[in-house]
Amino acid sequence: MRFGLSLEQETFRDQLQRLLADRAPLDRVREVAADGNGYDERLWSGLTELGAMGVLVPEEYGGLGMGSFDAGLVVEELGRSVAPAPYLGTAFVAPLVLSESGSNSLAAEWLPRIAGGEARIGLALGEAVSARAGAGVVVNGGRLSGKALAAMDAGAADAFIVSAGVEQLWLVRSDASGLTRTPMTSIDRTRALAELRFDEVEAEPIAGGASLTQRALDLARVALAADTLGAADAMFQQALDYSKQRVQFERVIGSFQGVKHALADMITGLEPSRALVWYATHAQTEMPRDEAHRLACHAKAHLAEVGRMVARAATEVHGGMGFTDDLGLHYWFKRIGLDRQLLGSPEQIRAEAAAAMVA
Amino acid sequence: MDLSLDQRYLDFREQVRSFVAANRADAPPSVTSRDRGAPTQEALDWQRRLIAAGYTARTVPAEYGGFGAEPDMLETMIINEEFSAAGIQAGLAGIGIMMLVPTLLEVGTAEQKARYIPKAITGEEWWCQGYSEPGSGSDLASLRTNGRLDGEEWVINGQKIWTSGAHFAQMMFCLVRTEPDAPKHRGISYLLIPMETPGITVSPLKTMTGRSEFNQVFFDDARIPAGNIVAGRGEGWKVANVTLKHERGGLGDPAKSIARFDGLVKLMREETINGQRAIDDPLLADRLMQLEAKMLALKLNNMRVLTADLEGNDPGLARLVTKYYGTTLNHELDALAIDAMGELGVLYEDGDYLRDEGAWQAWYMHDLGLIIGGGSTNIQRNIIAERGLDLPREPKAVIPPQGMGGRG
Chain A
1 MRFGLSLEQE
11 TFRDQLQRLL
21 ADRAPLDRVR
31 EVAADGNGYD
41 ERLWSGLTEL
51 GAMGVLVPEE
61 YGGLGMGSFD
71 AGLVVEELGR
81 SVAPAPYLGT
91 AFVAPLVLSE
101 SGSNSLAAEW
111 LPRIAGGEAR
121 IGLALGEAVS
131 ARAGAGVVVN
141 GGRLSGKALA
151 AMDAGAADAF
161 IVSAGVEQLW
171 LVRSDASGLT
181 RTPMTSIDRT
191 RALAELRFDE
201 VEAEPIAGGA
211 SLTQRALDLA
221 RVALAADTLG
231 AADAMFQQAL
241 DYSKQRVQFE
251 RVIGSFQGVK
261 HALADMITGL
271 EPSRALVWYA
281 THAQTEMPRD
291 EAHRLACHAK
301 AHLAEVGRMV
311 ARAATEVHGG
321 MGFTDDLGLH
331 YWFKRIGLDR
341 QLLGSPEQIR
351 AEAAAAMVA
Chain B
1001 MDLSLDQRYL
1011 DFREQVRSFV
1021 AANRADAPPS
1031 VTSRDRGAPT
1041 QEALDWQRRL
1051 IAAGYTARTV
1061 PAEYGGFGAE
1071 PDMLETMIIN
1081 EEFSAAGIQA
1091 GLAGIGIMML
1101 VPTLLEVGTA
1111 EQKARYIPKA
1121 ITGEEWWCQG
1131 YSEPGSGSDL
1141 ASLRTNGRLD
1151 GEEWVINGQK
1161 IWTSGAHFAQ
1171 MMFCLVRTEP
1181 DAPKHRGISY
1191 LLIPMETPGI
1201 TVSPLKTMTG
1211 RSEFNQVFFD
1221 DARIPAGNIV
1231 AGRGEGWKVA
1241 NVTLKHERGG
1251 LGDPAKSIAR
1261 FDGLVKLMRE
1271 ETINGQRAID
1281 DPLLADRLMQ
1291 LEAKMLALKL
1301 NNMRVLTADL
1311 EGNDPGLARL
1321 VTKYYGTTLN
1331 HELDALAIDA
1341 MGELGVLYED
1351 GDYLRDEGAW
1361 QAWYMHDLGL
1371 IIGGGSTNIQ
1381 RNIIAERGLD
1391 LPREPKAVIP
1401 PQGMGGRG
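Taken in sequence, the protein lines are chains A and B. The opening residue of the first sequence carries number 1 in my numbering; numbering runs sequentially from there. The opening residue of the second sequence carries number 1001 in my numbering; numbering runs sequentially from there.
By construction, these hints were calculated from the structure, which means they are not laboratory data. A hint or two may mislead.
A short list of chain B residues far from chain A (calculated; beta carbon distances all over 12 Å) [as the list claims (entries may be wrong)]:
#: 1; residue: R1024
#: 2; residue: N1080
#: 3; residue: G1151
#: 4; residue: R1186
#: 5; residue: A1255
#: 6; residue: P1282
#: 7; residue: E1292
Using 30 Å as the maximum straight-line C-alpha spacing, the simulated DSSO-like pairs for lysine-lysine come out as follows [what the hints assert, rightly or not]:
#: 8; chain 1: A; residue 1: K334; chain 2: A; residue 2: K147
#: 9; chain 1: A; residue 1: K244; chain 2: B; residue 2: K1184
#: 10; chain 1: B; residue 1: K1184; chain 2: B; residue 2: K1119
#: 11; chain 1: B; residue 1: K1113; chain 2: B; residue 2: K1238
#: 12; chain 1: B; residue 1: K1256; chain 2: B; residue 2: K1238
#: 13; chain 1: B; residue 1: K1396; chain 2: A; residue 2: K244
With beta-carbon atoms standing in for the labels, derived distance ranges [what the hints assert, rightly or not]:
#: 14; chain 1: A; residue 1: R13; chain 2: B; residue 2: M1073; range: 47 to 55 Å
#: 15; chain 1: B; residue 1: E1106; chain 2: A; residue 2: Q257; range: 48 to 56 Å
#: 16; chain 1: B; residue 1: V1346; chain 2: A; residue 2: A356; range: 31 to 39 Å
#: 17; chain 1: A; residue 1: R13; chain 2: B; residue 2: E1014; range: 48 to 56 Å
#: 18; chain 1: B; residue 1: G1068; chain 2: A; residue 2: Q341; range: 28 to 36 Å
#: 19; chain 1: B; residue 1: L1344; chain 2: A; residue 2: A356; range: 42 to 50 Å
#: 20; chain 1: B; residue 1: D1006; chain 2: A; residue 2: G102; range: 31 to 39 Å
#: 21; chain 1: A; residue 1: G102; chain 2: B; residue 2: E1014; range: 37 to 45 Å
#: 22; chain 1: B; residue 1: A1093; chain 2: A; residue 2: Q348; range: 50 to 58 Å
#: 23; chain 1: B; residue 1: R1017; chain 2: A; residue 2: S211; range: 32 to 40 Å
In this text the structure is predicted, and so the values were computed from the model without any measurement. Glycine included, C-beta positions come from ideal geometry on N, C-alpha and C.
Only chain A is shown next, with the shape it has when bound in the complex:
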């Protein structure tokens, strides 16, 4: 038994951290965030060279065929660096959904390109969870019509995985005739959301039915939890560092019990959350599906709550500075805020977990 990172995983994480320090420092994040496209070519190629794109792509398709825990570590680091990279849809969800589907031709077409960093996949799954403002996609004669809101990783996507109801996933190419992609401006400018409008758009079914839709949701949710973990950890660390430097009343503020206890509460929430997220990401490829589903629900809902608590408290520890654009702490605050809202509120996800328990 060993709960934690292997030596190889620690090395991989170190390499990722070095890459992100070099190619996604806060100044660069600001520049990329300005256009809201959520994509940076130089960062993407660096991630590809490290092998991060192929972590979950089977070896027969040119990937590394590793486990979901490894891919979760990448997501956690991207969250920690508020890095603009459409990794979640492309390299976490798409490789497993396509390789587990019965659609071998889709897998053969897209997986080698994903592993090679040549393709980016967005996700339009929100309507399988809660359709808002009249959104929804219907299928007629193998063509999609309707609209999807808050499609994720949409800025540079070459194709989207789209849920039509919960029954079926579809692959839609970004250049398909009848598809309109309109950016949706969100609080988090490091990742691109879009409204997709479908007018009898040609699409390919991803064979796997409703259970594959659920699988895609579990994967995306667990990745959002990992992203929040990394981002919240980074906010906590910044607040801790600040509390040891900032002097008021002739004392560093970290010596005041009020500040100390706020930091202790943050880490008491975060530390067990780390174990929960690690196990939940691990479970996606290593445990039975019902266990993977249960853990994905708990990780997403719990990190939404812990993330919000940490984001608020870490900002408060920074005092007025935390509120400025200059310091940039808000990039993490907004990242956590976006993760929470996507693919189900904590209440909704807990209702799903409860339904699974009493079933």
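Position chain B relative to chain A; hints supplied.
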């Protein structure tokens, strides 16, 4: 990440399982919050059988009456899991067994080990802990119960409080100020005191639960042999920290939270509100799921701690947060159970409509005691911040002289 166990642990689990299956009929009933008296004969017999089989006092050397196995945290985990799953006691859980025995094994003399450990693990000699005093709670090292050496005897005077089991214990391990001129942490010794010593008075302390789980103990020129000291004079604070380490680990034990959570789910499946099961009520189910996530996080965090321990690494913050996290979680579990029972959640002690023998209200109160005991929540936050996060200690405030506080 590898959550699987080696074959020899799988074999070990089978072995524990067959022991449990073959012997469970003789296990004493589970301890409820009501039993705070001396262990029954049935419990003592069961304890001896468990020691012989190696399921309690497993790593205590055979020369001191234990089973003498090499320490192996995974074996311990498996034993706890199997007994807990079967709902039977994995041995007596007195403070002597949990805290005194490991402490003596670490810092006691050969004579002390031989004299005290065998009787402590069988429960033949019951121990209580003399730490807190009315004026020394969170600031334990300020304690004032004093011991003066008079020839071959310590003469002890003072008062202890929150001593569970003192009314039936034969022995107490006690922190006593023996070096009045030394700095506060260095003036304390760790003494072993027979409770029948003349000059000791035990008086029960009734708590909010309506029961007397604790006592006050008064010392009035109580004389004990000079040799009843662990480590040297003035070493008591260090010895106590060896012991506190064992207590804090125990107070964040996920096995307790898991068992409590399972009990809560069972209750919510059985309890009905207007004919609907409590577990099907969306608001109650939402709270249940929030707590399941926390319970899982605590359980998985413990596996991280265990991994670090197994590999000889310091688990750091992952361990420091467990007492605070675990005791708070247990209290939230109790609170949900009470809320799920609605107006019947207030019932206590007896009556036809009492659920689970009234355990949830008793736990709700008792767990608040555990949030306070063993280092209160605010002390835990200080420990996490100062030891775990390396934040500076609060500067000392000047205490106004007696009678001069405030105006006039």
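Inset, instruction - Output the numbers, in ascending order, of every earlier hint that fails for this structure. - result: Result: hints 6, 7, 10, 14, 15, 17, 18, 19, 22 break, sorted rising.
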